[in-house]
Amino acid sequence: MKIHDATIPYQQHTLSNGLRVILSPHKVAPVVAVLVMYKVGSCNERPGKTGFAHLFEHMMFQGSENVPREMHFKYVESNGGVLNGFTSYDLTTYFELLPASKLPLGLWLEADRMRSLAVSQENLDNQRAVVKEERRLSVDNQPYARAMERFREIAYDNFANQHSIIGSMEDLDNATLADVQEFFKIYYAPNNAVLVIAGDYDGRRVMREVRTYFEDIPPQPAPPPVDCSEPDREERREVFHDPLASVPALAIAWKIPRRNTLENDALQIAGEILVGGRASRLYQRLVKEEAVAVSVSGGAEARPAPSLFRIFTLHHPTVAPERVEALIYEEIERMAQEGISEAELERVRSQILAQRWSDNLYYGMQSPLGRALSLAYCALFEGDPGEVNTMLQRLMRITPEQVREAVGRYLATSRNRTVMTILPGASQGGAA
Numbered sequence: 001m002k003i004h005d006a007t008i009p010y011q012q013h014t015l016s017n018g019l020r021v022i023l024s025p026h027k028v029a030p031v032v033a034v035l036v037m038y039k040v041g042s043c044n045e046r047p048g049k050t051g052f053a054h055l056f057e058h059m060m061f062q063g064s065e066n067v068p069r070e071m072h073f074k075y076v077e078s079n080g081g082v083l084n085g086f087t088s089y090d091l092t093t094y095f096e097l098l099p100a101s102k103l104p105l106g107l108w109l110e111a112d113r114m115r116s117l118a119v120s121q122e123n124l125d126n127q128r129a130v131v132k133e134e135r136r137l138s139v140d141n142q143p144y145a146r147a148m149e150r151f152r153e154i155a156y157d158n159f160a161n162q163h164s165i166i167g168s169m170e171d172l173d174n175a176t177l178a179d180v181q182e183f184f185k186i187y188y189a190p191n192n193a194v195l196v197i198a199g200d201y202d203g204r205r206v207m208r209e210v211r212t213y214f215e216d217i218p219p220q221p222a223p224p225p226v227d228c229s230e231p232d233r234e235e236r237r238e239v240f241h242d243p244l245a246s247v248p249a250l251a252i253a254w255k256i257p258r259r260n261t262l263e264n265d266a267l268q269i270a271g272e273i274l275v276g277g278r279a280s281r282l283y284q285r286l287v288k289e290e291a292v293a294v295s296v297s298g299g300a301e302a303r304p305a306p307s308l309f310r311i312f313t314l315h316h317p318t319v320a321p322e323r324v325e326a327l328i329y330e331e332i333e334r335m336a337q338e339g340i341s342e343a344e345l346e347r348v349r350s351q352i353l354a355q356r357w358s359d360n361l362y363y364g365m366q367s368p369l370g371r372a373l374s375l376a377y378c379a380l381f382e383g384d385p386g387e388v389n390t391m392l393q394r395l396m397r398i399t400p401e402q403v404r405e406a407v408g409r410y411l412a413t414s415r416n417r418t419v420m421t422i423l424p425g426a427s428q429g430g431a432a
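Here my numbering is used: the first residue of the sequence shown is 1, the next is one more, and so on.
Watch out, some of these pointers could steer you wrong.
Stated by the list, open to error - Taking lysine-lysine pairs in the DSS-like style, the calculated list, with each CA pair at most 25 Å apart, reads: (1) Lys132 - Lys39; (2) Lys132 - Lys185; (3) Lys49 - Lys74.
Unchecked claim - Label pairs and their in silico Cβ distance ranges: (4) Gln181 - Lys74: 20 to 28 Å; (5) Gly203 - Glu235: 50 to 58 Å; (6) Lys27 - Pro143: 45 to 53 Å; (7) Arg278 - Pro143: 21 to 29 Å; (8) Ala354 - Met71: 33 to 41 Å; (9) Pro143 - Glu342: 37 to 45 Å; (10) Leu177 - Arg204: 38 to 46 Å; (11) Thr7 - Phe159: 52 to 60 Å; (12) Ile186 - His316: 48 to 56 Å; (13) Arg236 - Glu342: 35 to 43 Å; (14) Ser350 - Gly203: 30 to 38 Å; (15) Glu133 - Asp232: 33 to 41 Å; (16) Ala100 - Asn126: 31 to 39 Å.
Calculated directly from the structure, the hints in this document are not laboratory data. Source: prediction; values computed, not measured. Just so it is clear, CB atoms sit at the ideal spot from N, CA and C, and this is done for glycine as well.
I would like the entire structure built from these sequences, with the hints used as guidance.
Here is the structure:
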């Protein structure tokens, strides 16, 4: 396949306080994305103090020195823009997508809360209540959600990778004002962040505006390093009883290498072929041919730390989970022995190219926000925003033999594998 040779243009600057600034012009529409990505996620949290990164996703909209509570939304939306924030295991991101003429507004808003977020007892209490309610709705009262939280705990061995992003109720209840003030001071500093401006901006004055708003924000000492390494281990199995589940489920995961490795790239391809939609091998085998399952999903994570290759299937109550599990392993073993076809590889390559060059708001490179997210991620975790232009080339060059070898080494084995059988209803003891 001919690889799309378009590249994402960018310039990189570093302010005196350590803030990395990336500029990427994209003048197809008079809009601009302002994005700040902080190198802090749940992996940075300590036992007994989980959920802090996600808590700050909410607290960052509770006002700062010059921006009253909730006015961040009103300022952006009243000027025709959209905004949001999200937290993952490794990062926290905030963004505004604005008319090009309103770029200074986005810079001012992000700089003001980086400099002077209102981390008060009142804001902590009200946002703690919001997050606890979010947990009730999205985890505690959702079928399979608590099972997946537990699954992650047993799939990993290192606390930095194990615990959920939203945190535990107990840890949220016990969080003190001093705890969260310390967390903010350590992690939400200019030298622990990257600012990306992508879209239609005036290249002659943009850095002058950036320096006006951001350069006087004081840096902080470098955050403590996080050890995300994972030991090898034997297979781990568990049965989870879920009173909210309607049908049984099977979850399987293997530990795999981090992103930006040949092995992870090859397993990304394998994931698309095995579980990537209705054309995938496991959907065809489990749902269409054998009729043992109603759905199958999963694939390879691409974290900047040891990742997971997951397979999750909902299966018919009359089918034994052992039968479903055996069929999954048969398909994995077949891929490890016979490899993949050129037609399958071409299909996945086409899907990757279509997604990359789409105008999808979050992922497409035709979207200023999609460009900003990719540039920020590559700068923060690979040390080079230019990785955005090489990762596609790398994926497109993965060969069938490399996929076969990666599947054989990491998936066609019980090493580092975790299996959870999820059964509807409460256990006899009343607990999972």
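Status of each hint after checking the structure:
Annotation: proposed proximity of Lys132 to Lys39 holds, straight-line Cα distance about 24 Å (limit 25 Å). Our distance criterion of 25 Å between C-alpha atoms is met by Lys132 and Lys185, whose separation comes to about 23 Å. For the given pair, Lys49 sits about 32 Å from Lys74 by alpha-carbon distance, which is inconsistent with the 25 Å threshold. In this structure the supplied range 20 to 28 Å holds for Gln181 paired with Lys74, their Cβ-Cβ distance being about 26 Å.
For Gly203 and Glu235, the hinted distance range of 50 to 58 Å is satisfied, since their beta carbons lie about 55 Å from each other. Checking the proposed 45 to 53 Å range against Lys27 and Pro143 shows it holds: the Cβ atoms sit about 46 Å from each other. For the pair Arg278 and Pro143, the beta carbons lie near 22 Å from each other, so the given range of 21 to 29 Å is met. Range check, Ala354 to Met71: about 39 Å between beta-carbon atoms, so the 33 to 41 Å window is met.
Under the hint 37 to 45 Å, the C-beta atoms of Pro143 and Glu342, about 40 Å apart, fit the expected range. For the hinted restraint 38 to 46 Å between Leu177 and Arg204, the CB-CB distance of approximately 44 Å keeps it satisfied. Here the CB-CB span from Thr7 to Phe159 is close to 39 Å, at odds with the stated 52 to 60 Å. Evaluation of the 48 to 56 Å hint for Ile186 and His316 yields a pass: the beta carbon distance comes to about 49 Å.
At roughly 37 Å, the beta carbons of Arg236 and Glu342 sit within the given window of 35 to 43 Å. Evaluation of the 30 to 38 Å hint for Ser350 and Gly203 yields a pass: the beta carbon distance comes to about 34 Å. Distance hint check for Glu133 and Asp232: the Cβ-Cβ separation is about 40 Å, which falls inside the suggested range of 33 to 41 Å. Take Ala100 and Asn126: their Cβ atoms lie about 35 Å apart, and the range 31 to 39 Å holds.
The structure fails to meet hints 3 and 11 from the earlier list, while all remaining hints are met.
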